[in-house]
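Respectively, the protein sequence lines represent chains D and C. Under the numbering used here, read the first sequence as residues 27 to 274, first letter to last. Under the numbering used here, read the second sequence as residues 14 to 369, first letter to last.
Because the hints were derived from the structure by calculation, they are not lab data. Careful: at least some of the hints might be erroneous.
Computed footprint of chain D on chain C; a stretch qualifies when at least three of its residues, placed anywhere within it, have a C-beta under 8 Å from a C-beta of chain D [said to hold, decoys possible]:
1) 80-93
2) 96-108
3) 192-199
4) 237-248
5) 305-313
Some but not every residue of chain D turned toward chain C, in silico, with C-beta under 7 Å [what the hints assert, rightly or not]:
6) Arg69
7) Glu92
8) Thr103
9) His133
10) Gly212
A quick note: this is a predicted structure, and the numbers were derived from the prediction, not measured. Cβ atoms here follow ideal geometry from the backbone N, Cα and C, with glycine treated the same way.
What follows is the residue order along each chain.
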Amino acid sequence: MKIVYEKSRGLTDVPMHYCPGCTHGIIHKLVAETLVELDVLGRTVAVAPVGCAVFAYEYFNCDAQEAAHGRAPAVATGIKRVHPDNIVFTYQGDGDLASIGTAEIVHAAMRGENITVVFVNNAIYGMTGGQMAPTTLVGQPTTTSPLGRSRLGQGAPLRVCEMLATIEATAYIARVSVHNIPRLNGAKRALKKAFQMQIENKGFSLVEVLSTCPTNWGLSPVDSLRWVEQNMLPAYPLGVYKDIEGGT
Amino acid sequence: MARKLMKGNEAIAAAAINAGCRYFFGYPITPQNEIPEYMSRELPKVGGAYVQAESEVAAINMVYGAAGAGARVLTSSSSPGISLMQEGISYIAGAELPCVLVNIMRAGPGLGGVQPAQADYFQATKGGGHGDYRVLVLAPANLQEAVDLTQLAFDLADKYRNPVMVLADGMIGQLMEPVEFSPYRPAAGLPPKDWATTGTVHSGGRQRVINSLYLYPDQLENHVRAIFRKYAEMERTEVRYELYNCDQADVVIVAYGTTSRIARSAIEKCRRLGLRVGLLRPITLYPFPLAAFDLVVERTKAFLVVEMSMGQMLDDVKIAVAGRRPISFYGRTGGIVPTSEEIVKQVQELLGGRGA
Chain D
27 MKIVYEKSRG LTDVPMHYCP GCTHGIIHKL VAETLVELDV LGRTVAVAPV GCAVFAYEYF
87 NCDAQEAAHG RAPAVATGIK RVHPDNIVFT YQGDGDLASI GTAEIVHAAM RGENITVVFV
147 NNAIYGMTGG QMAPTTLVGQ PTTTSPLGRS RLGQGAPLRV CEMLATIEAT AYIARVSVHN
207 IPRLNGAKRA LKKAFQMQIE NKGFSLVEVL STCPTNWGLS PVDSLRWVEQ NMLPAYPLGV
267 YKDIEGGT
Chain C
14 MARKLMKGNE AIAAAAINAG CRYFFGYPIT PQNEIPEYMS RELPKVGGAY VQAESEVAAI
74 NMVYGAAGAG ARVLTSSSSP GISLMQEGIS YIAGAELPCV LVNIMRAGPG LGGVQPAQAD
134 YFQATKGGGH GDYRVLVLAP ANLQEAVDLT QLAFDLADKY RNPVMVLADG MIGQLMEPVE
194 FSPYRPAAGL PPKDWATTGT VHSGGRQRVI NSLYLYPDQL ENHVRAIFRK YAEMERTEVR
254 YELYNCDQAD VVIVAYGTTS RIARSAIEKC RRLGLRVGLL RPITLYPFPL AAFDLVVERT
314 KAFLVVEMSM GQMLDDVKIA VAGRRPISFY GRTGGIVPTS EEIVKQVQEL LGGRGA
């Protein structure tokens, strides 16, 4: 018999706690495959966030540190400065990175910190039960914006890639999605590019991955994928926002 | 090595490097800026790294990352900045990481002022952040002691895998005194840092995780109990204090850091006035030298606690004395340093009045 597909050895055998239809599992897989394909898994240190991915250290088959809410880029900075030969990445959600951790992500980018950030944006607080995030779409109802997010007073989506791309010392900034197979393959290419930047000491790299939250969006897994396509893509255009090597 | 005239903050920074510290993360705040300035200048020369963080919140989390990666790491700040670090200090204690913190205290609350104070005693010794934990707290009274205790702090942090704080004030940070640096050797028997996240290529494939999350209450209780066994060990073996002139003392002054220096001057003045006064100086504020009080309580008539605060260490003195003798308190706050004359007057009132 010929093996045509197997679980990446970048992932452990621990069963994931993610809800059915959530795309965190896919994103974990893409990151793990990337680390194995680049042959850096054994010298990688992951930094887990607070949020749905809080147990990321149980799933990635590498050394890891659990950070306080929003502080993953600072923790990653400490690790990377001590061991520049380690490959250090943070895995953060939109509450963690785009709300409580805005100072840490902006300044890690400003320093050109040679780390990679995997930023998972599902436009809502998942772990705490569906509250409004800075990334929630205008009009999107959540448990803390029951009438839908209002542009005035509650604001409009914070676009992290666009913001960080203006920072001089960043090396690679891209927004991708995993809601269909072609997009998933594109996400994998972006992750590989981002980690390659770090391996080559080019500086700060970030990949924003649009993700689903069927549980808190109140949608089926299939409808959630459709919701990404129809509602998130217009608000969060996919693409490469910064590439110091000039690629797109 | 020759004695060298140094400013307190610089002496502390030099001591850290002498003890093998190669990483510093911090944010500017008066009156401790000479520490980051010294580190930014000197750490690159010894193969280390200095990062000016965007905030004290970020700085303490960089410390967490570096400590988790196995490094000897320092941060320093002053009172309001230390308040901002409390979340991270709780995480560091929870994840059992070694690091050294320096608090060059200024007056509070709030933005307060930049003059010396000792009003962060509660915050330093009683936990400071959320949850069940302690920070080992060392309080130098002169610059040589600041050097020695800073070096010791790194050993104690590694020994117990716990944050250790050097708690001084703006006076210690800013004054100049001669100090001597002896060749430093780490304490014998420090445990290997086989828990550090350096990549599984260095661990034979065994995954190392730095973490303080325990969602099951029984696991978390076991974890906290294990941490508290370390604190019990500290309370048995790490208590440090100095008794001065206590053999014949009718009054024992209890003071630490800068106020203990002033108390010493007051004791000399009292001697000339024929008053017998001693000094009990805690060097470790946590663990507090409770048993030292048993050595002097029979002989003395009263205790006088002197602090640059409204009375914080006073609570620990009350626990130690346990009602066996009267306790008076004299404190100045807001950045005012008490004079030895003020303390002499307190002693005179104590011995002439009902307390004696």
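Practice prompt. Check whether three or more residues of the stretch 237-248 of chain C sit with their beta carbon closer than 8 Å to a beta carbon of chain D.
Written response: This one is violated; 0 residues, fewer than the three required, reach chain D with a Cβ under 8 Å.
Worksheet item: Does His133 (chain D) meet its interface restraint, that is, does its C-beta lie within less than 7 Å of any C-beta in chain C?
Response: holds, 4 Å
Worksheet item: For the stretch 192-199 of chain C, do at least 3 residues have a Cβ located nearer than 8 Å to some Cβ of chain D?
Response: Contact hint for the stretch 192-199 of chain C vs chain D: violated, 0 residues under 8 Å.
Discussion item. Cut-off 8 Å, C-beta pairs, minimum 3 residues; does the coverage of the stretch 96-108 of chain C by chain D stand?
Written reply: Since three or more residues must qualify, the claim that chain D covers the stretch 96-108 of chain C holds, with 4 doing so at under 8 Å.
Worksheet item: For the stretch 80-93 of chain C, do three or more residues have a beta carbon lying closer than 8 Å to a beta carbon of chain D?
Response: holds (count 6)
Worksheet entry | Stated coverage of the stretch 305-313 of chain C by chain D [criterion: 3+ residues, CB within 8 Å] | violated (count 0)
Practice prompt. Mind checking the CB of Thr103 (chain D) against every CB in chain C and telling me if the closest is under 7 Å?
Written response: holds, 5 Å
Discussion item. Would the hint on Arg69 (chain D) be counted as holding, given a Cβ-Cβ threshold of 7 Å to chain C?
Written reply: holds, 4 Å
Worksheet item: Any CB of chain C closer than 7 Å to the CB of Glu92 (chain D)?
Response: holds, 4 Å
Worksheet item: Close enough to count: is the Cβ of Gly212 (chain D) nearer than 7 Å to one in chain C?
Response: violated, 29 Å
Checked against the numbered hints given earlier, the structure breaks hints 3, 4, 5 and 10 and satisfies all the rest.
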